[in-house]
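Asks: The listed protein sequences correspond, in order, to chains L and U.
In this text, residue positions in the first sequence follow the numbering used here: the first is 1, and each later residue adds one.
In this text, residue positions in the second sequence follow the numbering used here: the first is 178, and each later residue adds one.
Since the hints were derived computationally from the structure, they do not count as laboratory data.
There may be inaccurate statements among the hints.
What follows is a list of derived Cβ distance ranges for each label pair [to be verified]: (1) L136(L) with L272(U): 35 to 43 Å; (2) R163(L) with V207(U): 21 to 29 Å; (3) R163(L) with E423(U): 33 to 41 Å; (4) T184(U) with I141(L): 46 to 54 Å; (5) L201(U) with L121(L): 17 to 25 Å; (6) K102(L) with P215(U): 21 to 29 Å; (7) Y190(U) with N73(L): 24 to 32 Å; (8) V9(L) with L248(U): 24 to 32 Å.
Predicted model, so just to flag it, every value in this text is computed and none were measured.
Even for Gly, the Cβ is constructed at its ideal location relative to N, Cα and C.
The chain contents come next:
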Amino acid sequence: MKGIKIKRVIVTALTVCICYMLQCTLFPNLALASIKPNILIILTASYGFMRGPRDGMLVGFFSGLLTDIQFGNILGFYALIYLLAGYVNGLFEQMYYDDDVKLPLAMVGATEFIYGLIVYLLMFMLRSEFDFLHYLRHIIIPELIYTIVVTLGLYPLILFINRRLEAEEKRSAGKFV
Amino acid sequence: MKKKNQTTNTNKYLLAGLTMVCILLMLLSVFYEKTAGPFKVLANLTVIPMQQGFNKVGSLLIDFSENFGTLEEARKLNKSLQAQIDELIMQNNNLQEEKYELERLRELYKLDQNYAEYEKVGARVISKDPGNWFSSFTIDKGSLNGIRVDMNVIAGSGLVGIVTEVGPTWATVRSIIDDSSNMGGMVLSTSDTCIVRGDLSLINDGKMRFEQMENNDNKVEVGEQIVTSHISDKFLQGILIGYVSEVQVDSNNMTRSGYLTPVVNFKKLQEVLVITKTKAELTGTDITQEDAGAAQPAETEAGGEDGNGAEEGQPSGNEPPEGQPAENGTGEGAPPEEGTAQGESTGEGAQEDMPAGGEAGGTEGQ
Numbered sequence: 001m002k003g004i005k006i007k008r009v010i011v012t013a014l015t016v017c018i019c020y021m022l023q024c025t026l027f028p029n030l031a032l033a034s035i036k037p038n039i040l041i042i043l044t045a046s047y048g049f050m051r052g053p054r055d056g057m058l059v060g061f062f063s064g065l066l067t068d069i070q071f072g073n074i075l076g077f078y079a080l081i082y083l084l085a086g087y088v089n090g091l092f093e094q095m096y097y098d099d100d101v102k103l104p105l106a107m108v109g110a111t112e113f114i115y116g117l118i119v120y121l122l123m124f125m126l127r128s129e130f131d132f133l134h135y136l137r138h139i140i141i142p143e144l145i146y147t148i149v150v151t152l153g154l155y156p157l158i159l160f161i162n163r164r165l166e167a168e169e170k171r172s173a174g175k176f177v
Numbered sequence: 178m179k180k181k182n183q184t185t186n187t188n189k190y191l192l193a194g195l196t197m198v199c200i201l202l203m204l205l206s207v208f209y210e211k212t213a214g215p216f217k218v219l220a221n222l223t224v225i226p227m228q229q230g231f232n233k234v235g236s237l238l239i240d241f242s243e244n245f246g247t248l249e250e251a252r253k254l255n256k257s258l259q260a261q262i263d264e265l266i267m268q269n270n271n272l273q274e275e276k277y278e279l280e281r282l283r284e285l286y287k288l289d290q291n292y293a294e295y296e297k298v299g300a301r302v303i304s305k306d307p308g309n310w311f312s313s314f315t316i317d318k319g320s321l322n323g324i325r326v327d328m329n330v331i332a333g334s335g336l337v338g339i340v341t342e343v344g345p346t347w348a349t350v351r352s353i354i355d356d357s358s359n360m361g362g363m364v365l366s367t368s369d370t371c372i373v374r375g376d377l378s379l380i381n382d383g384k385m386r387f388e389q390m391e392n393n394d395n396k397v398e399v400g401e402q403i404v405t406s407h408i409s410d411k412f413l414q415g416i417l418i419g420y421v422s423e424v425q426v427d428s429n430n431m432t433r434s435g436y437l438t439p440v441v442n443f444k445k446l447q448e449v450l451v452i453t454k455t456k457a458e459l460t461g462t463d464i465t466q467e468d469a470g471a472a473q474p475a476e477t478e479a480g481g482e483d484g485n486g487a488e489e490g491q492p493s494g495n496e497p498p499e500g501q502p503a504e505n506g507t508g509e510g511a512p513p514e515e516g517t518a519q520g521e522s523t524g525e526g527a528q529e530d531m532p533a534g535g536e537a538g539g540t541e542g543q
């Protein structure tokens with residue numbers, strides 16, 4: 001049982017690292033009109049509603065922290081945003097079914113939109129950049145659309161990893177009974 | 178049921194705990210700059226080597242795929258290039274001659290300030306900011322290679338940005354098109370200074386904004402070069418930023434603003450050069466003093482104007498144009514030589530300029 005848990009932790013940590021890495025290295029090259037999708041939001045939100053608030057929070061916290069360490073001005077800023085995103089998504093765990101793809105898309109979309117709003121509010125409006133509509137039209141909405149499109153490809157992958165781990169957990173739990 | 182309650186409780190504790198950690202980190206990093214130290218070591222052990230690896234794999238793959246399709250092309254190209262080489266050798270010889278002549282002339286004119294002579298270190302861009310809001314990137318050289326905060330980064334012939342954070346084997350560079358970037362620029366031909374700002378809404382058009390350039394008799398035309406200015410305390414003087422693409426007189430009739438096109442293509446940035454001398458070293462300014470304002474170089478200038486604008490924004494609106502002597506002090510933001518140049522001929526005009534510039538800065542800063 002313990003081994004399975006450690007395995008889950010390692011796999012999750014690796015997923016976070018790889019997603020962050022892709023976000024920083026691969027996706028800037030795939031940017032359309034200098035907009036890149038935000039796969040860290042996809043990851044955080046998916047872990048939230050697939051595994052509950054605790055895992056969502058942890059995944060969010062660490063992906064945010066990585067961003068902060070390398071690119072943030074203030075340590076802990078992105079960590080807090082992603083942490084809350086993971087937690088709020090975790091609250092929707094009960095409504096979530098594996099096979100339904102609508103809820104994940106809607107959740108990722110909503111999270112991404114709110115994330116865009118928060119970043120605008122805290123990092124741009126407070127520096128007196130008041131042209132909200134421009135930022136909405138040129139950054140927030142395109143990023144939202146691109147992210148949702150990427151979700152269609154990435155979400156089944158995360159789901160697959162999660163199912164594999166869950167199946168293993170069930171099997172080892174069965175052995176003890 | 179009870180078990181479920183327990184888990185929701187632990188979740189709440191975890192949420193509260195991690196939130197506290199985040200807030201604590203934010204406060205710490207605001208008040209104490211070295212907070213990021215241990216985390217940097219962490220990043221250095223985990224993320225950076227992987228990013229470097231990713232990058233190598235990426236460039237290998239590109240090389241690999243290119244190897245195949247282009248063999249035939251390469252042969253053809255080889256022939257034509259051989260012909261070109263012969264031609265170029267001839268040209269090169271001619272140019273060599275001219276180069277020696279140029280060097281002699283340069284010496285005569287003492288133009289050895291050219292930034293080609295700064296010592297530079299080449300570095301590779303290994304990762305870029307994960308979000309869409311800011312445009313900073315990481316390079317694969319760090320303090321072990323002699324990189325330090327505030328070093329200027331160039332690529333090709335133009336300015337790219339400034340080093341804002343340094344780890345042992347990596348450094349983060351904030352590019353000049355980043356929305357929080359703000360620096361002193363100067364028109365090369367007329368030495369008129371201005372403030373060059375990165376603007377997120379202009380990134381897609383490949384442009385940047387410049388503002389607060391004095392509206393004097395000097396003509397600034399489209400296509401003129403804008404370089405880093407002599408009043409910037411972080412950027413070395415005379416590095417090319419870009420070419421003016423649009424200029425207009427502001428509605429206050431005293432300053433000019435417009436757009437410029439940076440010379441560097443920020444979308445395809447792969448290798449950069451870091452100049453291993455900071456302005457503080459060159460000018461001999463105390464480095465500890467510099468570290469405090471590690472943010473924007475031009476902020477000190479803009480900040481000075483902001484403060485003045487806030488104080489004097491109101492009176493200058495109602496009062497008659499004869500500037501009082503007290504307002505002369507507000508001209509700190511403007512370069513000294515302009516003041517003298519104008520002060521002679523149109524004394525009143527020059528005095529009037531200062532509070533107006535301050536006012537513009539004030540409204541902007543609100």
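Asks: Hints first: check each against the structure and report whether it holds.
Replies: Here's how the hints hold up against the structure:
For the hinted restraint 35 to 43 Å between L136(L) and L272(U), the CB-CB distance of approximately 53 Å leaves it violated. For R163(L) and V207(U), the hinted distance range of 21 to 29 Å is not satisfied, since their beta carbons lie about 43 Å from each other. Between R163(L) and E423(U), the C-beta spacing of about 56 Å breaks the proposed range 33 to 41 Å. Between T184(U) and I141(L) the beta carbons are some 37 Å apart, a value that contradicts the proposed interval 46 to 54 Å.
Between L201(U) and L121(L) the C-beta distance comes to about 22 Å, which sits within the given range of 17 to 25 Å. Remark: the range hint 21 to 29 Å for K102(L) to P215(U) is contradicted by a beta-carbon distance near 43 Å. The beta-carbon spacing between Y190(U) and N73(L), approximately 29 Å, falls within the hinted interval of 24 to 32 Å. The beta-carbon spacing between V9(L) and L248(U), approximately 48 Å, falls outside the hinted interval of 24 to 32 Å.
Hints 1, 2, 3, 4, 6, 8, counting from the list given before, are not met by this structure.
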